[in-house]
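Residue-level listing of the chains:
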Amino acid sequence: MSSNNVKRSSDAVTAGGHGDISLLPELEAFRDPKSKAARASYDDADIYRDEKSFNEHTLAPMFTTSRAYFVFVIALGIVIANGFAWFVAQTFLGMGQTNMHEPLFWGAYIATFVFWVGMSHSGTIVSSILRLSQANWRRPILRAAEAMTAFSLLVAGMFPLVHVGRLWRVYYMFPLPNQRELWPNFKSPLMWDMMAIGIYLTGSMTFLFIGLLPDLAVARDKAIRENNWRRHYLSFLSLGWRGSHREWSVYNKASMFLAVAILCIAPSVHTIVSWDFAMTMTPGWHTTIFGPYFVVGAIYSGIAAVITLMISLRWIFKLDDVIRTLHIDCLAKLLIVIAIIWTYFYFCEFNVVWYSQKPEEWGIWEWQAERFGSFLWIMVGGSVLSIFLMSWRKIRTNMVAMFFITLLVNVGMFIERYLIVVPILSHRDSAYMWTDYVPSVTELSIIVGSFAYFVLLYALFLKLFPIVTMADVKEGVIVSGDVKLGRHAVRMQVKE
Amino acid sequence: MVKFGSLSTTAKVVLGFIGTAIATFLVLFYIFYEGPFYLVAHQPTQPINYSHKVHADDNKIPCQYCHTFARRSEMSGVPGAARCMNCHESVKQEAPEIKKVIAHYENNKPIEWVKVFDLPDHVWFSHKKHIAKDVSCQTCHGPIEKMDVVSRTNDFQMGFCLDCHQENEAPTDCWTCHT
Amino acid sequence: MDRRSFLKFGALAASSGVMGACGQATQKVIPFVIPPEDGANPVDGYHYATTCRECEAGCGVVVRTVNGRAKKIEGNSVHPISNGRACVKAQAAVQRVYHSERLTDPMVNKNGKFEKISWNDAIGMLVEKLKIANGKTFFLNNGANDALAGVVDSIFGEKGGNFIASNHDFGHESLIAGGSSLFDFPKIQLADMSNADFTILLGADMNESGVSPVYQAYTFGQSRRGRPSKRGRFVYCGSRLSPTAASADKWLPVPPGQLGLLALSIAQVVVDTVIQRELAPSVGRDTLMGWRQALNSFTPEKTYKKIEVKADYIRRMAAPFVDEAPALMVAGDGVVGFTNGTSSTEAIEFVNMLSAEIGREKTKLSQAKTLQSNPTLKAALQANFGLAPEKQSFRRLKILTDGMVGNEYKVGIISHTNPVFDTPKSLKFKEALANVPFKVSFSCFMDETTVECNLVLPDNHWLESWSAQLPNFRPGVPILNLVQPTVVPFLNTKQAGDVLLEAAAKAGIAVPAKNLESFIGTVIEKNRAYLKDVPTALDTKESWNHMLQSGGWWPNYNIGGQAETPKPASLSAVSKNLIIEDPSFDGDDSYQFYLHPYKTAHMGRGNGANQAWMHEAPDPVTTLMWQFWIEVNPVMASTIGVVEGDIVKVASPYGSITGPVFPFAGLRPDVIAVPVGYGHTKYGELANNVGSNAMNLLGITIDKTSGALAFRSQKVSITKDKGSVMMMRNAHPRGEYKGEIFQL
Amino acid sequence: MNNHYTVLGLYKKMETTVNATPQIREAFNLKDGEIEVLTSAAYPDEILIEDKTLMYQVNKRQFLFPFLLGIVGLAIGILLAGGTGWIMNLDVGGKPPFALPPTGIITYEFTLLFAVIGSVISLLIYGGLPNWTERAYDPDITDGSLGILIKVNSNEEQNKAADMMANLGAYKVKKGKNDF
Amino acid sequence: MKSFNYKKHNDYKWAMTVDLDRCDGCGACVVACQAENNIPSLGVEQTQEGRNMLWLRIERYIEGSYPDVKVRFLPMMCQHCDTAPCESVCPVYATYQNNEGLNVQVYNRCVGTRFCGNNCPYSVRYFNWYDPDFEGKEKNQLNPDVSLREKGIMEKCTFCMQRIRRGKDNAADEGREVHDGDIKPACVQTCPTGALEFGNINDHHSRVSKLAHSGRAISLFEEKGTHPSVKYLKGGTADVF
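Protein chains in written order, with numbering that gives the first Met the number 0: chain A, 0 to 495; chain B, 0 to 178; chain C, 0 to 743; chain D, 0 to 179; chain E, 0 to 240.
Watch out, some of these pointers could steer you wrong.
To be verified - A few chain D residues that face chain E, going by a derived Cβ cut-off under 10 Å, partial list only:
1) D90
2) G92
3) K94
Derived by calculation from the structure, the hints in this document are not laboratory data. All C-beta atoms, glycine included, are put in the ideal place defined by N, C-alpha and C.
Bound conformation, chain A alone:
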């Protein structure tokens, strides 16, 4: 396809007429009567004018701040401060502030930790898979997803610190040369875990930053033009990005490479997290399926969280034209696939134990069903129900429905993590030591604080960095054009 074909024509919009199926997602927004302004700007063939307004439009969440935002941030701050206060109390008084007890040594903290690590799998996996497969609809949503990865990892990384008994000795776990000539034990899954999470955090932060580079330049230019205070860090962080051809070529290659690398790291991370459990000889944990099951569960909860987040962003920042129903629709389709795989794995795990009726393992299921029966139904039922509901396009494109469905999925996935940790540890080999557990106020406060912390990080990110992957959207617009097929002009995408 030569470059001559790549030209914009003013009848691109009207030439559509493909019913509801859109081959050109970018244009869908402009057919949406709600965003007249956007349509007007794209109706004009002048790239410069509509790209400017596009910039303005997508940077608006970053540069304009309402009073409600400050109220929201302060409210989050209070919740976080509360959690932090309990954490400090726990550190100074002792882990007894939690409700954990022998032999239930891991409780809600680790469940939440696994949950957050799982959440982190949305961003990078979605981002890198879609990037590598060059799915066109990925373009506007990558940033939001990647940021989610980074922040949920930050939150997840906090939990081991909250969890350990001697926070002030945590550096024993770092491989630092020392006069004691002691080293950490790399045979411990916890060391793998620590390394994997650290590396994944580094990787996904890098990935996020590299993806941000061109958009930082956009924001920088705007900030400099408007003499906004953000120009200080933006010009620093954008590294002097000019958008030269050389920069773009190197950048494209690097981000592809990063996508591959992250795609290699991400599943390994959650596999290793699952090995924290599966490597032990505790019945109920010691199964081979845990690795893939955790990875799929992570992607499952991650994608659901991405959808929840997208819908919130779209609603709060009026980004309907950027994050369109199409994206939710596509993500929901992906979610269905993952949900089916997850349910399948869950069924596999259950079925094997159910059939063999091996007492120590089946005992756990009975124990679970007895004590956490309703939880179990929310989790499994939620998953099956969501698959069922999302099969309808009407529901997939109904933002309110999708919001609640994905929320339900994540509540279910949180329960799943809780059920992996708590019932199994409360039903150990040593029957004398069976036990019951309910998280304490300290644990709940810290966990609630962690959610607030995540939202706060996200909220701050929104105000400091562009949330829409602008360069990617622009690239999508550039490399697409109308091709005449029969009597219809069809929007096509240039692919290398």
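Place chains B, C, D and E on chain A using the hints.
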């Protein structure tokens, strides 16, 4: 045409501050980690102004004459007043410090010495074992026979013990010292 | 700031940490002025042999002390009772010495408030009161046969209206009385089960309320697995599956009070078999036929209705008593807790002796082994270190109480016993005590009785004391236990014996010695010639040290001793006594359940209740910690409509208690089991308000023969009460071990 | 170092830009590294500069850094997981001092970590980043304008080029010195 | 099948046997352990939360229903497994297998991840949820040979390691090997029924070795392959009738 490096003073200060903080933390962490600062001069005032120099150096009294337990026990055994009186029943009875000792002896009231060389609770140390291997007192206690007032000369960090143990092929199994 | 907390700050705020680096907390080294002569390893500590006084079994223990502080108590491996073992109470004794609630100074009660006074004032006050009382003094101890009791006996005696009584473990009188009708030794017959192949434990809860838990458990272990290729079998009969019953091979739930009948039923089978097989025991055929006649009404078939044990079982149980395998019957609380306790004990001992008579191999049974001890020594020790057994019955305590009500006493001296708490409420000891104008308490802790006293004199803990003690049972050899101080007393306390001797001397009463230590020394020196195995070449001090080093004196029968079987004084005369009356119970038909109060190993009669270790160590059967409970059979629980943790109310004509219910399958449905020792009100922070006191329910039912309190003769009713509590159990209610490990 | 002069012409339309680049290149005989196109988004290769020889060639060595650092990471992983296990020769659960599976896991993670770091380093080095100095640029570029930036050796050529760019449809032409 | 490099025949290999036929559940060992090893008592509040700090606990199982009911006692302490699952999961080597077969817990190295506790099938590891509470006079009872554990540290039965060390020292001073019975952990020393035995299992003449090789000896959760140093001798019930 356009200068990108428009780092304002504020930004520079903030960045500098963060950098300095990280650097400081690293340095402090290193210090804390390597622990040389444990070697705080610890030279407490003792109830009796006893001089190791006078006894051990000038008069060449062997260490284990007073610290009798050292070769057969984990503790070196700080001598009781009765041990002092072995000699001081005939020597220097009139000196003011000796009078204090005599008072303790006669009232059967123990002398409350202040501990100078102290190991943490989680370390188990046996004098007996080390003396059996001919480790000199000075290896750990420094030139104690030259001291008028005893001060701590060693931080007793694990590295110190470990170096010597490795050098002499003593056991370095954790439970050798940690119970 | 110590090193650890410093490091903690270091990690959180490194900069402030460095500022705060001020080295380590000052530690002091305090050497002995004159080091102990033996020059032993000072960190390993000094090991002193002494005798445990937590109960009166008289186990020899070795105390490890470091820097003048007792750290650990172990059994004395050369001691014939403890054999190097120790029970839970001995292990926890160190916690009592250093208990934060120990009485520190003499105190005087001024209208309910205690004020500290000096020892001079306190002793002065005591002297003054003793002078005024001029004989109308009573002394009450915990049943200890020790030097203090001996001193008191010689100071006060039974002259001029003085009265001496003891509040010791319920039922021991019956054990003594039942045994002494067969043996010429007024002590509890405690069987050495070491060589027994088959043992029937009749309500003998050796691990919780045994006469000597350590000795009995030791012999139990020896019987079970101590001998090559022989395994002792055990059957437990009783109304509750106690931990001891759990370690037996079989539990037979027998209705309360029928254990003597069971023994007689077995005796019937034994005698019958002996006659049938024409075995020729030394007793002669006539006597045998006489027994057969007397036992005629006790055939297993006839007794089935009462004892609810299948005739077949009884025959099988009786078989080992005839066959060559050494077999034994051991009586315990389940026998003596009823009005027929003494006769039941007699019946049990009768079977034992009968079995020993007829069995050819029975001499191997060391149950009857004892050493000939010099009668002079025996008498001297009895007189000086202890009270005569007849002074130690519950009946006497009742007489004392009645006397107090009748204003017969001017001064009361109470030593280490807490009758206000651990005797039945219906005895009204507290109310009676109010009639005594001046009461002195020697105690280590404030308790329910001590707060009623006018003068509180803190006693040394036994780890700080001198004493001599005679065990309350006969373990096969004569034993004199010595108690020596192992801890340097660190509180302003004085030993009760010394104080009493000093006060008595000042009050113009003749005293045997200046202080307790010299009293013991004098007695021992007088009888030194009779103490076997103490080398005669040694001088007084050396022999004294020699005895202290081993913790007392006992002949070493393994080396030079000659075993002697005690004479079955009146085995043939027993036949006329072979009758067991039905137990009588207190309470009319509206009270349908038998109350089964029992001691736990940890709480004892209540003095363990102020120790954290005792609360924290889970009860063996319920695994409850820090908690009181009422045991009911699960079937009965569902009849009443309660589940575990629901509060129930147990009522008798004398009072009622409430507590959470613990359904326990090892309990007869017509029995309600309640642990004693809970429900303190003035015994310190840990003990107070934990549960209810089972003594509130008991009436005064006395075994007429021995004068013992028939403490399981109470009938009660049970009703559901409001509310429920969380049960702090160590075991999960549903935990099951699915292994074959417990099956041989 | 010789002084050089830069000219930045800003175009609104892609077609004009595509037309302008070959003409400017030929007029000033620009070689590789003397002409550059500034855009707000990644244009596919060959669209804006059709002559492949002038196009920035992706340096094959851009993959060298990830590769080399990946090997470094591999070594570090083996040293950390295997080496420290060898030093701390403690029997833990009967596992050998040098255990292959954990070493494999740690090595895998470290290899990827260093590869990621390597790719970032190569991005910075080959992309000429970061560069916070004064450079030829206009904020309009991020708003969608296309910029043709050339480097010439003299003031005259600079003026000439500026005129030429304006003639070729640039709505704005900026001149600069030493800021290519 | 022993772990691969330690515990040769000429070394000590400490082991314990628990005779279930002898155990009567009295609990003397439990308190002896608390007294010897400076184990704090947790108090009512912590017990309510389900915590306990009994390095040695006596597990009680009830089987059957009235009147054929059995109550079983199973003393449970750290099994000092040869291939201990707790060891390999510790990220800082705070627990390891020493060359005498002991599963050593190094308190001052412990970070408190509690992973070891999760991987112990016997659930015999305990955690210091709070700082131990030894106030005032109670400090007098603390054993100077055993360090106090601060909050955030895992701990467990050590086979009274301090006694083993002292026993070996004393033997070394006298220039001999440790005799059978020289070293007794607190629980073994106190056990009234003699249910517990301790000694060097590599010495074939030791009591513990004989018992451990008797037909009754089994390991708990043998199928887990942990190779415990504590052997249980089957028993508790035999048919009487």
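| task | Identify every previously stated hint that the structure contradicts and give their numbers, smallest first. | result | Of the numbered hints given earlier, the structure breaks none, since each of them holds.
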